Every structure is written in structure tokens, then in C-alpha cells.
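Protein chains: 2
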Amino acid sequence: MRIPLDRESAVPLYRQAQDFLRGEIHSGSLAPHTRLPASRELAASLGVNRLTVMNAYAGLEAEGLVYSRQGSGTYVADPLPSQVAENAGAPASDWPLWQQELLSPSWLPAQYEPDQAAALPARPDVISFAAGMGDGSLFPLEEFRRVLQEVLRAGGREALGYGEREGYLPLRATIAHILASQGIQAQPEQLLITSGAQQGLALVSRLLLRPGDAVVVESPTYAGAIDLFRSLEVRLAGVPVDEQGMQVERVEDLLRTARPRLIYTIPTFQNPTGTCMSLARRRQLIVLADRYHVPILEDDFVGELRFEGQALPSLAALAPAGQVIYMRTFSKMLMPGLRVGCLLANGPVYDRLVLCKRVDDLASSSLIQRALDAFITVGRYQSHLRRACKLYQHRRDAMLEALTRYLPPGSHWRAPQGGLFIWVRLPGGLASSEVLPYAAAEGVSFAAGSHFFAGARSQPFLRLNFAEHAPESIEEGIRRLGQAVKRGLAEKAKLEQATAAERRAVPSQRGPAAPGPLTS
Amino acid sequence: MRIPLDRESAVPLYRQAQDFLRGEIHSGSLAPHTRLPASRELAASLGVNRLTVMNAYAGLEAEGLVYSRQGSGTYVADPLPSQVAENAGAPASDWPLWQQELLSPSWLPAQYEPDQAAALPARPDVISFAAGMGDGSLFPLEEFRRVLQEVLRAGGREALGYGEREGYLPLRATIAHILASQGIQAQPEQLLITSGAQQGLALVSRLLLRPGDAVVVESPTYAGAIDLFRSLEVRLAGVPVDEQGMQVERVEDLLRTARPRLIYTIPTFQNPTGTCMSLARRRQLIVLADRYHVPILEDDFVGELRFEGQALPSLAALAPAGQVIYMRTFSKMLMPGLRVGCLLANGPVYDRLVLCKRVDDLASSSLIQRALDAFITVGRYQSHLRRACKLYQHRRDAMLEALTRYLPPGSHWRAPQGGLFIWVRLPGGLASSEVLPYAAAEGVSFAAGSHFFAGARSQPFLRLNFAEHAPESIEEGIRRLGQAVKRGLAEKAKLEQATAAERRAVPSQRGPAAPGPLTS
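So the sequence lines, in the order shown, correspond to chains A and B. The working numbering puts the first sequence at residues 230 to 749. The working numbering puts the second sequence at residues 230 to 749.
In isolation and in its complexed conformation, chain A is listed as follows (with noise of 0.2 Å):
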């Protein structure tokens, strides 16, 4: 196999050679199944070290392009899904003139990748710490089945038709309640129920966001928010985030500056830091906001879920009327295929979202809310909370234990008083995506860090749920990701001498038509 390698080039020849492989896969050059050269040889026809030719590899497994059988190979692995579609039958070329438009990279935003959950294989033998929710094992299914039943026996037809088009109003006056016994004022009136917290969000950001429009994020945020944003392309304008959450100080030159239109934060264990927004900054930014105009989307996507610490009001609470639009889903606390969110809205803004919806997908299903309404009353979603409080405690607990015991020196993370998230800065500079090889062989997954990034595609961050699973897969998993994170950083530092000295010693392969610049 000849791959064309560019020993100028500022792209490591390890990146190189994935990238290459990875059009081979793509193009059908290499189809499913088919044994990849061992690494020895390759690297020897391509005259690189073997340890370049086996990062290629172990990136492309991280992709889920190839797997390894021990002692066997390495083999192109069946496409995914999406892979197929692209390539069902015809070349680029092929298609209509409109669709090849489609293609060009000026389409999308440049970091605009499929999200990493999905682009992983899912393995049973990988402890996944890179899940967005909680543990769905805590979720009665029994008795939510039964209620089911009696929606369905009780409502009947109706329970199938549209429905209301701001939400089925039991089930609003019931998330009124629970949020008042939060210390969150709200009418039915002011709610609206979305498919999911993401529509949420994305109803709020397509009424108040033109092109070109900023917005005002944490940096790292929620990539479910990233993405919109620049699938709306509108400018990001990241405000760094410490142990007291956003550094509000910040904001008021990028209010002069940057005219945003919108600020969106997440003020109570933020996704991913873990972190929460002190009192003070929380005036604070009500403060600027007024003063400048902008309004506020809090999302307050496990605010409820704190093990110990004092709480604190969220910014809804705090805020006057109208200036803050708050978000919250049930997907975190119960089941994520329930795909049910709220808005809590004040003022005009309230009518212009329910049109937004309306034109969006007309109502959510009256069916699921008919029985999360008859599912949750305040009581209920108490006393849930109250033992998912408990056992993601404890687990936390577990996970900050682990990691002092297996991390390498030199990894830093703190100990969040609730949510889902601890965040992790590796030792040594090693980016997460250094290390997702060598997990991905260990078997254990976390969120990688540049993910949660606007722009920069490498991150020294990891994020890691502790509260999808029990202690003892914590422990293991953590104990797989210190080996991981221990041989990224023993590999970078052979990669990089490996290929300075590759740099040396390796006579360029191009022909003469191409001879390398005189001095370098």
C-alpha cells in the first residue's frame, strides 16, 4: 500500500496516513472486512516508524473505521449507517447540481463534526463515561407503564390527538408546582412545553438570532449549543468559566463590543465544568443584562440535582420580569426518549415562541405528556430526586477517589456539589484526542474536550459522568483511563522523537517534479 506522505507538512505523518486511510474506507477503496498491512511492514514500505503507522490505526478505531482482533489484524470495519447513505449509489458528481452545494465545506461551519457519541461504535465491553444524563435504571418503568395504560384507557382518542399547541395544561400547571416548590414563580400560562430541552433552545435562538447576530456563552458550553449556534451562524462570544462559573467581570466589554443579542448560560453545575455561578456574579450579570438590554437563556438542566452546599436561586428568580427566558428538561432527571422540555417565558416573548413551535412541528406528543403529567406529581418528582440526589453522591464520591488513585501527576479537576460532570485537565499538555486511542483500546469513552469548545479543536479536557454508573465500573473505568492517559503521555513523547528524528534521517519520497524547499 502507497500512502503519499508529506514530511513537510505541518500535519503529523501519523494524521497523515489516518486521513488517507479514512478516504480509502470512505471511497469503498477498502471495503469492509479487508485486513489492513501489519504495521511493521507498512511503516517499512513508507519508511516511517512503526509507532506512526500504529496511531493511524489506533485513530481510525477511535473512529469506528477498523477493528483489531488480538493476534490477527487489523480489519476495515461494516460502514455506519450515515456512511452508506452518502455513498448508496453514485459518486459526488452524480448528483443534482443543488446537491453538490451541499457538499462544499463553505456549508457548514468548519468544527461542524457529527457529534462523538455517535460516531463511536458502541462496544458492551467499554465503560462509557461520556453520556449526557443520569442513571436510567432509577426510572420506575413498571409504574410508568401502568399509567401509560390508564392514559390511554381514560383519554382515549384524545390522548392521540394534537393537543394543545403551548402543551397539554395539567402537565404545565404540574411543572408550575414542582418549579414553585424550587422557588421558581411560574403560571401555566407562562410555560411551554418543547420535544426536549434542544428544541427549547432552538426556538429561542432562531426567534432572537439573525446570521451574523453574537451570543454570549460560557466557554466550554453545551455542544448541543454549539452546534445551533453555528448551524444559525451566528458569532460566539466565549466568556471563560472558573470555580464561580462564568466570569461575569467579563461580560460588560463584550456587551460594548461584541452587541450581543442573547446571552445563554447554565448557571447551576454547568455542562461541562460541574461548576455553579456565585450570588454575586448572578446579580451581577441580571445587572448588565438589563442595562444593555439583552436578554437571558438560563438553561437549568440539573440545577435541582445538588448533594450538599447551599442553593442557590437561579437566575429566573432574581431577574425582573421578562428579562429571563428559563429552560428545563425532563430528559436529565427521567428518561431522555420522553423528549419532554419547558420553557418558562414572561412577557411578549411567550406568544412569539408558541408561533415559533407552531411552525416548527405544530405540538408535541400529547400521548408522552398526558403521561408524564399523570406520572409526576410534585411528591413523586420529590422523593425521585431526592434518591437520585443520593446515589449520584455517592458515586461522585467514588469517581473523585478513583481518579486521585489511577491518574497520572499533574491531571487537575475539582469536586462539583452536584449534577452529572466532573472536568478533568490532562497532565503534560496531552490533548483528549491523544488520548481516545489508547482508550478506545483499554476499553473506557468520556466526552473529549474540544467538543465543548467554539473554536480550538485540541483541548487538555476531558469530561466525565460519574452518576450513569455504580462505584465498582466507576473504579474500573477510571483505572482503564489512567492507563490510557499514562500511555498517551508515554507516546507522545516517543512520537515526538520519533519524528524529529524521522525529520532527520528519511530522505524525502517525492519524485523531482516536487524536490523539498533548499532550506527548512
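Worth flagging that the hints you see were computed from the coordinates, not collected in a lab. Note that this is a predicted model, so its numbers are computed, not measured. Careful: at least some of the hints might be erroneous.
Straight-line C-alpha distance at most 25 Å; calculated SDA-like pairs for lysine to any residue [said to hold, decoys possible]: (1) A:K715 <-> A:Q646; (2) B:K721 <-> B:G658; (3) B:K619 <-> A:G385; (4) B:K619 <-> A:R386; (5) B:K715 <-> B:H698; (6) A:K619 <-> B:K715; (7) B:K721 <-> B:R708; (8) A:K723 <-> A:L280; (9) B:K715 <-> B:G390.
Place chain B on chain A using the hints.
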């Protein structure tokens, strides 16, 4: 009560009175259950014909803002939820500035209005022909309930997980089989499950259109599409419809002059006209779209509901690969509350749509998709379809007969060969909005023609749904409609006479500071 009336205005006096009273009700100046002045008294105090006041009151009643009690008078109704929200708390000027901007009329395109169905209060005594769906009682609810149970028992927590972004794969396979049985070749990898067809329409439009772009649509067309396109600030290039569907001969001119980025069409049993595009026009449209490199979005919302006549191939079946995006819903055939539709797209556009779906709402309800998949087999679906066709054909015939019997001469309609709707042109230049108050009084409702046109406010058309009710209700409902139309015609004639007489006889009530024009 003093109502300021401008006798020089082009706006009819009854409309001016209605607008003024609506404002008083919205602002709370007229509280719920306040009795309005008797029409005779108010007419005398304003110096107008009593019919003017009665018309204003009837219009407010149709809007759900007032109710009348036999022999006791007219009262302000309880506010609708959306009005409560808009007026809760504070006057507009107290809201944050960014919210006040949302109130500006320039924010929404001129005729963007809340839909009629949501605005009309649900009254059990009204026979409504306004719905956009079939008869929900055909749906085997008990069977569906059992299937849902099995899915929750067998699928467990997985049934409530996020599921695949493209939609539940077995359901996509089932849909591909159903489409194949109807002559449309589809692979599961080319199908994307959406939250109803409306979301499919929104995804395609957001992907392909930018503000200022033009879209070719039938005129009239689906009201939900018009609302969506308006919200995206795109221009609508309407093509008239005759008994052979969209007048495709006129499309080439539009393609050349308006340079549209999308052709949106409902070729089979078009909404609202019920017409089918001829085979020749289907071929011609595909040739044109191909020549001008414009994608076609084919909305096949009830194409399979054919009672008689020869089936026509879908555009997706006729067109070259990747030219047509095909859209389907299960709301019309099964139950709207399921909120399951799908897109069939071939080529690079498919992956783009999957990304759009992800930023929109992550995924559709996994539970409902699994239940639907367990519920619909090709055989069961086809037998459900046969039953629906037989029943709806019978009801169509009942409505055609009733229309002939009860509608006054000069009314016009065509017998559709399938679908859900009959499109009626009213006699004597009567607009559907002029029939609305009388229809409300008689106890019948319909979808007003103006909702299906992009531009004009007033249209002499009604859309009648024949599929939802049993023949006896159809007969009674059309009898009432006939009465309403006759009353509308009579009152229109009287009102025109009265208004003309008023303009001659009553002196202007405005003071000397604002004298009328010297010539008129």
C-alpha cells in the same frame, strides 16, 4: 360607550367597531363577563345602523372574545390562555426593551396570524369541517395500547433512551417496505424520522433557504407551509392550481425570473383544493427542476387515500436520483398525536438533514417510534388504508350530495378522487370571513380560504373536511353551512345598502380640529 369611527376610512364601520372592542377586551378595560350594550342602544349612540353593531358583535363571537345568551345579551368571554400570557402582569412598556421590539409589527410578516383552529373556542354543538386530518375513530386504539405495553415490557429502558438520530432503524425498514408497496423505492438509510411532517418541512426549508430566497408553491397551498416560509422570511412565488393541479406551464417563467431555491408541491389530493397533478405536468415539473437545478420537496400527505381513478406515480418515483425530497406523515392516516413523519432523501442532502434534525431536537420519541413499528406491518397498514378509503369515499359522496342540496346557486366545487377535502367557491363575491359569524351562530365551522393564500386577506373559498364525520353529521353541518352562506349573502347586501345610506345621511362626528376633506 364611545367608539371612535372614521366614516371616510376604507375599513367598514362594523370592522372598526370590532377592532376597537377587541382592543378594549385585550387591554382588560372590558373585563370578562361584562355585558356589552344592547346593539340597538349602541347603534343609536354611535349614529350607525344596528346591523353594523350586530356584525361587530358576531365577529367578536367568532373570535371567541364574547359570548351571547339568548334573550340576555352579549358578554365578554373568559380570556384565552395566550391572551392571559400576553397581558399577565404589565403593560407592554414595562417589559424589557428587547421584548418590546418583538411587539413591533415589522417583526412578523404582515399576515402572520394565529391559526383559526386555535382561535375558535371548542363548542360541542358545532359541527366542524375545519380539521386537517382523517377520522381518528378508525384507529385501533386498543391494539395500539397492547403494542405499547409490549414495547415497554420488551424494550425496557432502551425504549426510553435517545435512540438513533435518523430514527428507529426497524421502523425505517418498515416504512421502506410500505413505500415500496406503493411504488416508491426507498432504503432505510435514506429515511429520516421526523416529529410529524411539519418538522420535515421545517428541516428542509431551513437547510435550503435563506431570508430573501424564493420558493415556488401552489396557490393556494398548505397553511402550515405558508406560516413556516413567512417565519423564514422567504418570498413565495405562487402558481395557480386548476383541475390538473399546479399549472406547471407557468413555472418556467418563475424559475427564470424569481430564481427560486425550492419547489414545494403537494401533487396528489392537494391541500386545500383536493386536485391531482396530471402525469404530463409531473414529468414537466421534474424536467424543469432538473434544468434549473432546483430541488423539489414533494409533500405526499394523503396520496395513498385514493377512492377511484388511476393512481399516479409520485414525483420521487419519476425523478432522477436525488432530485426530489419526499415527505410523508402518519398523522393523517393514523393519529396526529403520534407526531411521526418521515423524509426520504437521497444523496448528500440526507446527512445534512440528519445534522439539522440533531440541532433541532436531538431525536424523536423513541418509545412512540418503537410502538408504531410494532404496530404497523405492511399488511395491517394496507388493510387500514382500504377501510379508510371505503369509509371516506362514502362520506365524500354524502358531502357532495348535501352541498348540491343546501348551498345557494352560484356556489362551486369539484368532486375529488381521494384525500380529505372539498374546496368550495362561494357565490356572489362573498368572502369566507363574511360567512364566519353566521356559521358560528348556526353551529358549523370550516377552514377559511384566506389561510391558504400567501397574499390576499379575503378569499371567496372554504375548505371542507369530509372525512371526519358520519354522513348524518355531514348532512346537518352542510345544511347549517347553507343557511350561513344565505345569511351572509343577505346581510352583505343589506350592509352595503345601509353603509351607503349612512355615508349620505349621517354627519361626521369628528370635531372641528380634524375636519373631513372638502371633496369626497
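Open item on the list: Of all the hints numbered above, which does this structure not satisfy? Sort the numbers upward.
Closed with: Hints 1, 6, 9 are the ones this structure does not satisfy, whereas the remaining hints hold.
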